[in-house]
Each structure stands twice: as C-alpha cells, then as structure tokens.
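Each protein sequence line maps, in turn, to chains A and B.
Take the first sequence: its letters are residues 0 to 805, numbered as in numbering that gives the first Met the number 0.
Take the second sequence: its letters are residues 0 to 449, numbered as in numbering that gives the first Met the number 0.
Some hints here could point you the wrong way.
With a cut-off of at most 30 Å between alpha-carbon atoms, the simulated DSS-like pairs for lysine-lysine come out as follows [stated by the list, open to error]:
#1 K688/A to K113/B
#2 K303/B to K546/A
#3 K436/B to K113/B
#4 K386/B to K530/A
#5 K590/A to K177/B
#6 K272/A to K288/A
#7 K420/A to K177/B
#8 K666/A to K303/B
#9 K243/B to K272/A
#10 K274/A to K303/B
#11 K416/B to K46/A
Covered stretches of chain A (in silico footprint by chain B; criterion: 3 or more residues with CB under 8 Å from a CB of chain B, positions within the stretch not fixed) [what the hints assert, rightly or not]:
#12 167-173
#13 386-396
#14 411-423
#15 443-455
#16 529-538
Source of the hints: derived by calculation from the structure; they are not laboratory data.
Quick caveat: nothing in here was measured; it's all calculated off a predicted structure.
All C-beta atoms, glycine included, are put in the ideal place defined by N, C-alpha and C.
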Amino acid sequence: MKRALSLALLCGFSARLHAAEQVAFAQAAQPFLNQNCARCHDNKVQKGNFRIDTLKPDFADLGTAQRWAEVITRMNAGEMPPPKEPQPTPEELGRVVDWIAARIKEGEAARMAKRGPVAHYRLSRDEYANTIYDLLGVYYDVTQPGAFNEEPRWHGFERIGSMLSLSPSHVERYFNAADIILERAFPEKPLTPGKGRADAIEMRHRETRKRIEALGIADKVRAPLWPEGSAPAWRSYFYNNLKEPGLYKARVQLSGLPGLNGRAPHLSVWNAKLKRSIFDADILAPEDKPTTVEFEVFLDMPSELDFLNVVSPIFVRDGNHTLNVLNQGGGIFTSSKDVGLLNPTGYKLTTEEGRAIYPLLLVDWVEWQGPLTSEADLQKRAGFWPEKPDDMAQARQCLQRFASRAWRRPASDGEIDRYVKIIETELAAGEKFRGAYKAALTGILTSNNFYYLAEGSPTERRDKVNDWELASRLSYFLWSSLPDGELLQAAQNGTLHTPEVLRAQLARMMADPKIKRFTEAFPRQWLQLHKVGMFAPDEKLYPDYDKWLEKSMVLETTGYFNEVFTKNLSIREFLASDWTMANPRLAQHYKLPPLPDGVLQRIGLKPDDHRGGLLTQAAILSLTSDGTRHRPVHRGVWVSEALFGKTPPPPPPNVEPIEPTPAQSPKATVRAQLEAHATNNNCASCHKKIDPLGFAFDNFDAIGRWRTEEVVPTGQGANPPVNASGTLPDGRAYNGPDEFKQLLLADLDRFAPAFVENLSTFALRRAMTLDDEAQIKAIAQASKKENYKMKALIENLVLSELFQKR
Amino acid sequence: MNIQRQNWLLNRRHFLRGAGVALALPLLDCMVPQRASAAEKQVKARRSVFIYLPNGVNTADYQITQAGEGYKLTKPLLSLEKHRANITPISGLHHPNGLGHHHNCRTIWLTGGKIGQSERNTVSVDQLMAQVTAPQTRFSSLELSNQGASLAWNPDGIQLPAQSNPGVAFREMFEDPKGGMASQRRALQRRGSILDAILDEAHTLNDSVGKEDRGRLDQYLTAVREVEVRTQRNDKWLDTPRPKVEPALQTRLNRDVSLQMLGDYLRTMYDLIVLSFQTDMTRVVTFNTGEEGQGPAVPEIGVKQDRHALSHHNGNAEQLRMLTESDAFNIAQFSYFLDRLKETPDGDGTLLDTTMALYGSGMAYGHSHGNASLPIILAGGSKLGLKHGRHVDFNATKDFQGYDKQQAIYFRPVNEKARLSNLLLTMAQKMEVPAEKFADSLSEVSEVRA
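Can you make the complete structure from the sequences, with help from the hints?
Structure (structure tokens):
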C-alpha cells in the first residue's frame, strides 16, 4: 500500500523529470527509502515534520538538493534510522548514500546555470553611512528617527541580499538622505566654525548666576552627578553662535569619585533626539585633580545633549522623594569640605573624609568647537563640483568622476547623458546652475547603481566576478564601504584577481584603520550580539544591572574578536583562553581585581576565574537568557549555530508549555524542570543533541555571573545546587564549563569550517549552500597548516575560488 | 494652469504603462456592494484603525466567560463599559500560521501570512484598504509605532516604516514643507526628472536579469514607480491648502512624549489619529503600541517591568497582578480613544460611527507563547454596517469544556474555523475592498454584520 502510494506520487511529477532519472531513482534508492524511512516519514506519520515520500529526486533544484543532503547527513551520522528501529546493513546504507551524494554532485552544474546573469545586493544602512563618508567626507546618521529602518536579519547577518528588500519608502528615504548629504558636502556658503562654553552655573543655576557671583564663589561651583543624575551638556540657548549641523569637538573638565563599593562613576553623553549615548567613559579623577576628556561627534541642529552618570540605580524611583530633592537646583556644590550651600534635607553625597558615598561625577565645564571640516574630508569631494558654473563640458566631467566613484565602476557616456539631461531640464525650468547640478548628483546617489551592488553582466554568462566587482566584494567585506583609489586602480589595470596583487591588496586593507568596521560588524552579526539587552533583566532579580554594563558586555566580545584579529591569533582562542578584554565595570561584574584605568584592556585570567573564550563572556550568556532566567536550550541552540554552523529544527507547534513551579512545591532548577518535561520521545530525540551544549553553562546566571546554586524565586526550601555536567551526543562526558571547553577544543576541526562558513556568509552576502561546502572545507583545511590563524583564514578565503565565484 | 507641469506629466506618461502599475482610480458608484443599505451608501468616508497590544494579556483575569448579550466585562476591560453598545469583544480567533511561532505574531497580525526561512510576509489588510481610499486623501495611510516596527506590509510583503514621534507625524501631516508653494512645486518637478533618469536606466536592465533576481528588480521598479505616483499625487494636492489646526491642539500634538509617561504618549497618539480622521488626511491608520520583545512598562502606575518580562510571569502572582494592571491601563487608553471618536461629529453622526477600530494582540497567553484564542475587540463602524453589543465567543462550541480548563485553549484553537483573517476580510469588505477572501480566511464574520 505504502509503495503504491509513493509510486503514484512519483508519477505526479514525472512531467518535470526525465524518465531515465526517475527509473534510476526507483531502482537505486526508492526501495531502501520505502523500507527504512517511510515508516516514520510518509503521508501518515511525519516525525520531525518531514516526509520522504514527497521529496522529489530533482537534484537540479537547490532547495530539494539541500534536503537530500540533510537526509544523507543524518544517515551517515547514524541518527537515521534511529537506533531503536530496524537497521539496514552498513553496505545497503552506504550504497544509497553514495548514490544520492553522486546525484547531488551531478546537479551542481544545473543549479549554477539556473542563476541569473546579474545579481543585486542592496547596501545595508551601516554600509550606506560608511560609503557616504568615504565618498564625500560627510556624516549621515542612518539611525536617526526618520532616516533608515533597521535591516532585517538572517541568523544575525544584516547584509543578506535576499533579505534586503526595497519598498517605496526606502526610495523616498534615499531621496531625502541624498538631499541632506549633498547640502552638507557642497554647502552654499562655507561653514563658519565657532566656540562655545558652559560652566556648572550655566548647567545648574542659570537663573541665579548674579546671586552666585555676588557670593564670590562663581569659579568654584561644580555640577554634581549622583547615580542616574544628569546635567545639560548642550541646549540651543547655551551657545548662540553654534547653529549649524556638523562635526563638533567637545572638551569636558570633571572629577570622578568611585563609590564606597568601589564602582567607578560612568559618564555618558546622551542625545535626546537619537535616544542613545554618543560618548561613554568610566571617569576616575580625584576631587582636587579633575581630568579633561575630549570627543568628536556629529550634531544635527537643534540638538539636546545631557551628561549622565550611568550606574545601576541606587535610589528607589518612586514612593521616595530622594530624586526630587537631589534634582532641585537650590543646593550649590563647591567642595566636599564645604557643604553649607547644599540642600540640608538632601541625601549626603560624601563622607566626612570627602569620599563619595555613591559613584559621583563633578562637572566643571564643557567647551564645544565646530562645525569642523578636516582637510582629508574636503579632499574626498575634490573634482566632484565644477569650478565654473554653466560650463556644461566641465559639469559632465565632474558628473562622470562622481558617478564612477559612487558606482564603484566606470560610468559610461550613455549613462552620464541621463544626468546631464537633468541639469538641462532644471536649467530650462528656471533653476540656477547650483540647484540644477545638485539635482544631477542627487540622481546619481538615488540610482540603483549606487545602493545596489551588482554582480554579473546582462550580455555574457560569467561564473566569476570581474575585477571591479571583486574590488567591491573586498572593500564591503573588510571596510563595509566602497573601494578606495588603490583598489580601483588595481581593478582598472585588470590585475586585481591575480594572487600576488590580491594578497598585497588584502594585506594593505587589513592594516588600514577602516578594518575596525570589520572587527566590530562581523562578530556582532555572527554572534548575534544585537540580542544583548533585548530582554531587559528584571530590576528586582538583577539590581546590579545597568546600561553601561550591557554596553561593556558587547564591547568585551567585539574587543575580544578585534584582539584575535589584530594579534593574528588562532580561532582556537574563541573556544578557550587564559585572557579576555575588560573595563572596570566588567572586571567588577566578573569579580576580578580592580583595573587601574577606565578603558577596555586585555587582562590575564586564572583557572578559578572560570572565564576565557567566547562562551563564558557575559554578552553570550545574557543573550541566551530571557531577563529572568538563563535558558539552557537557547544556549545549546546558540552553541550549535554559532560554533558548529548547525541550526537545530524548530520545536513543533503547540508544545505544552513548562508550567512554573507551584509555590508549595520544592524549588527546582530550570534543568530539573526541563528534564521532567522531556519524557516525550519526540522531544527527547532533538533535546538530547541540543541541551548538553547548554547545560554546560548552568554555572552562569542570566547576566553571566558565576554561581554554584541557582536562585529560584518560587517554591519551598533552599535554592538547589547547579548541575553543569552532561554527556554529548557522541558519548563524551563533561563536568562543568571548563571541561566542556576542553571537549570543544578537541573539535577545533569541526569549528573551523563553520567559522569559514560564517565569514563567507558575511563576505558574499548570501547563505552558503551545499555547492559551497567543498570549497569551505578546503579553505579550513588549508588554514589548518597555519594553526587556524585569523588572518590566514581570511587570506585563504579571499584567495579561494569561492570568493571569486559569482 | 502651469504649462510646464503639464509637460512634465506628458513626458512621463510612458512610464506608467508598465505591468503591475495600477494608478488608483476614484471609487465608482458601481463598486458599492449590492447589499449595502441606504444609510451605508450615504457614508462619505470609511475609516479603519488597527491597534496592537504586545505580549497578549493575563488571560485568567481578561477572559470574558459569558457569550452573547448579557456578558460581563472583566476587570481589565471595565473602562469599556460605557462603550458597550459600540464594541464587540471576540474570543477564539487565531491565525493558523501563527501557532507555535512565538513572537512572529505581531508580524502577521494584519497579514495572516506564513513566515519562515523562505517565506516572505504578505500584504496587510490595512494596505488593501489604503489602495481603495488613497485617491481621496492626502496620505494613503498612516503608520504609527511607539517602538519602531509597524504593523503594515506592502503587497510585496515588505514592512512599511512607522513613525514613533507624535510631533514628527503631526508636522508631516499638518505643516507645509518649507519654502512655499512655488518652491515645493519645483522640488516635485525636480524629483520627477530625477525619477525619469533613474527609471530610464532601470529599463535597460529589465530584459537581462535571471529568474531569481527578477523579483528584486521588479521590486525596485515597483518601488520607484510608486514614488513617482506619490510625487504626482503630492503635486496634485499642492493646490489644496492643509487644514489649519487650532494653536492649543497644535501645542499638544506637535511634540515628542517620552514612553516613561505612557498614558500621555498613548493619548497624544490617539488624539493625532482622531485629528487625521477629522481632517480627512487619511482614512487608514495602524498603531503598534509596543514591540513583542519590549512592550513599554507603565511607570506612572508603578508597573516597572516591560510587557514582555511581565508576560513571562513564571506563575508569579505579583507579576500576574502587574500584567493585569498594565492590560487595564492600556485598554483604558483605548477607551479614551473611543471617547474622542464619539465626541467628534462627522456628518449627521460621529467619527465612531464611520470608523472601525480593531484592538488586540497576536498573542494570548504570553508566558509560553500561546497564540490561539487571541484577545480581540472590535469597535465602532455602525454606519459601515457593523453591529455590536455581544461577546462573540467562537470557543463556545458544543464540545467546549468551559474556561476553567484554561491554558490549553490558548495553544490549540477550540474552533479551527475561527480565523482572525475572517474578521479582517469582513472589515476589508466594509471598507469596500473588492475581495471575497483575505489570506487564509474561510468566511466572513456574520456575527458582527448588521
């Protein structure tokens, strides 16, 4: 009956498949599949939501071929048929696996041929911003309200071609952005830089300045910032001469006194319009020896900035008049020695000895200077604007130069004609030359040639990218931006694809400061760091958590990647290490010795610290938690995806939820609850593979702190001890995260290709398929000789066939 | 008549012929459905608004247990008592494609779409409505969202961006762009000639792309053409002055409000929606009042955790209590919105009579992502042919064991045929969208049809 049915199904798609292929399939694979697989995967039962009887032997179709590849992977791994089911002989199984593998390989050419002659990849918003900066020396904040929306992600990657779609709103936003950008690049009148200064009186006691001056203490007044306290850093009425948007340089003089608990105060400069911090630093400077910090920032006008002292909240927010008392302008702070002018009913800020009770900032003044335009930025725009107005020949040349640079390839005369015509139409409509020429530039920036990366030629079939496309691949991979002059020159010469030139260009690019964009963006996307803080930790359970800790967590992980890259270490360091990157806030979070200064720095670790490698970093441990509890299953899935490139199948719909521990039952760990739950065979088969990868980290709570017992909010009795032991699907056992990391190290050869796959996904802006697998393995293999050093992996990828494959 | 402008339109005509580009036509008499009553036919403007509440509700406190007219509003719903004649709470609706898909539920709330690795979302019902109403209003639709993501998806399944700052939304609608009419017209003309160049360029590519990329190019062409249509529409509207808003109201709406003051924020947004309807700037609005991952806390009543954290309450009684308070608070603001619609005259009735408002969530029991039997309230629109006054309970089937055996009904639909798409279809039809089916709808919801 079963056989008759699947044959009938087979006939259903005979029209599409050649009869010969069908017969071959019916002979070589069909009987085996019917006998060994169909029992659980047919029209009646679909374990794992999978049916073998409807999976067509159409190996020319990529999606279908991928599924067949999954089938043979499972059979090879001994997962299927499951051990408790009747087993085929190894010979039978081997024969069918080989036959299917051969068909998959044969299908490759057909699958490649199906791809279109031209592929388009839209720039992500971050890439757009970088490209604009490198093209024109203009800052355009793509995250400001009304600019561009966040890009949709695929497994954390923000630049996957098939995900980055385009709607009319996008086009309108490109128009708006181009107008603003070009106005900044080619302003009608040159910008006039100015200076402004605001002292503590301006920030806190504007209305009573005269009275303070009369008291003779005007030069002594400081603005105290207690935990979560703020002082205005920029108001439009502070600096009447600074009205133009642009790049501004700030200098701030302030002291930073750690609280009695040792926590350093944290200065954050908050932009109210963008709703985010634009500058962050831990400040350590004695009351009588203030320090000066400097930073540059792009400001849109009008702007509103505040200095904040961001440390975890100390005062209860409501039902308590503390905050109001502290926020009153009445009290004047001059020195911890002289508190006579402070509000007598307010909270004490310092002890009798002058030590801060809570982390305290004392701001003296801020100076602003701008808008600034650097010579380097001006140089970028050179040659794009005609010197003589109304000279159409020169205008055409400038347009050609601009388009060729913006489009990352030579623009043809025919293409430029369209934009020259815009100038003519605009002039005819009575527009002045400046406006008319600017309209043509707007056209070049809103053309699909600008915001799409195009690969391939409409007129010829190419399997490799050409040198222009290769230049863009390289620069968007490593700089998230357009190629520079040297890369374009190499493309122009037609030599970029040769190994010597490519190697030399790569070395140059990796030494360029723009590589920071790669060492920040790649780990953020690969490790899905956007999830950090997505589920804000419960204030009651984690009172010590604050926004600066959250930011520091991400800084550790991206800084760690940067260190591995810069020092050209082995990717083995991602699995385990005796060092990490930390700032004072993180050091305190990890219960490590206090750090001497405020920056992110490399620190050595001892075995007792239980840290090292990526997996025990707070960012990773908290992004796999939900704000109240750690999630072992989520952690397991994360390890499987990020380290081994395998996404476990999603749970079937409508699983019964785990109910919380009733108040009268004994307290139970999350693990104990999960284990009680996973009695169902259907669930157990998957969870057996996922959960052990997560249980290893049960020693870390939802914000990544070490623990030996799990705090359970409901239930009776003592908090249960943590059980962080387990057995991997292949039978190897571990006890605790440190042993688990050792097992991972033994699997370095499995991690390497998964890492290459992630790197390639980022570089090539697409999901890797079965047809890339062999090349990915070859890249990993070649890098093994070089001890899997980071730069060796990147070089082997860039020089590979895969990197130049279209 | 501006001769130059005519030329420009003439030059551009050939770009509008392409496949898939339907210039929206004014609504014709023959398109009014046959069964519409005389009163329905007289309605000048039909409006719809969709409001999303993230993370479901505390179902234990929220669920109304009596079906039909004599139902009792539960604690979190009490603020709606005064609107009883104008609302219909509905139980038992679900999106089959949403079951077991966690927080995808906001994404598909108005689309009923199936989302997966390879599936793109589909058009949301508000955008179908907007296609019908667009020719009559300055803005085809208004997308609002306090935390970024909008509820609206275009026909290509692409999410439309939303505005979170009431001040910005206000200025876009009611303030003339800077520079006066002549310069605005020049700006539109300039955009027109740039669009000409861009489209001309894109056409040279048109014939040379492969199947996979074809979709992306079509997307591009459609997007650029739509911008062209919008540019033309803006040009047309330029001669119509924007309505003047009285200074007091202007001061109230033209500002950003912090989410720390959630009530003020929500009421400001609701006032803005009322104003946009009253002045006929648009007839279709979506408003997402919170993201699934971080729906806002309500500091003003002491609820400090975000709605996501509250909904994963882990059975904690205190958290459940606060979730109910947050639910009640949000619903009370919705009740305020209905007050405002009801006190605003429209023709011989009020805005509430000509506006259908759908309030609810794509999640029911948030703690473990149960998204069957969604909390849904339909309000207003009596002149569009809706009737109210009952609790429509699709769970009340003959095998139903009652609401004591709670949880399970929020995971598995009691009634497989009770689909949210049925309700969305019914609303679309009342907006005169010529559709017999929407997404996976099976029928209309006759229970709410007059």
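Against the structure, the hints come out as follows:
no. : hint             : result
1   : K688/A to K113/B : holds, 28 Å
2   : K303/B to K546/A : holds, 16 Å
3   : K436/B to K113/B : holds, 16 Å
4   : K386/B to K530/A : violated, 44 Å
5   : K590/A to K177/B : violated, 57 Å
6   : K272/A to K288/A : violated, 33 Å
7   : K420/A to K177/B : holds, 27 Å
8   : K666/A to K303/B : holds, 26 Å
9   : K243/B to K272/A : holds, 27 Å
10  : K274/A to K303/B : holds, 19 Å
11  : K416/B to K46/A  : holds, 26 Å
12  : 167-173          : holds (count 6)
13  : 386-396          : violated (count 0)
14  : 411-423          : holds (count 5)
15  : 443-455          : holds (count 5)
16  : 529-538          : holds (count 5)
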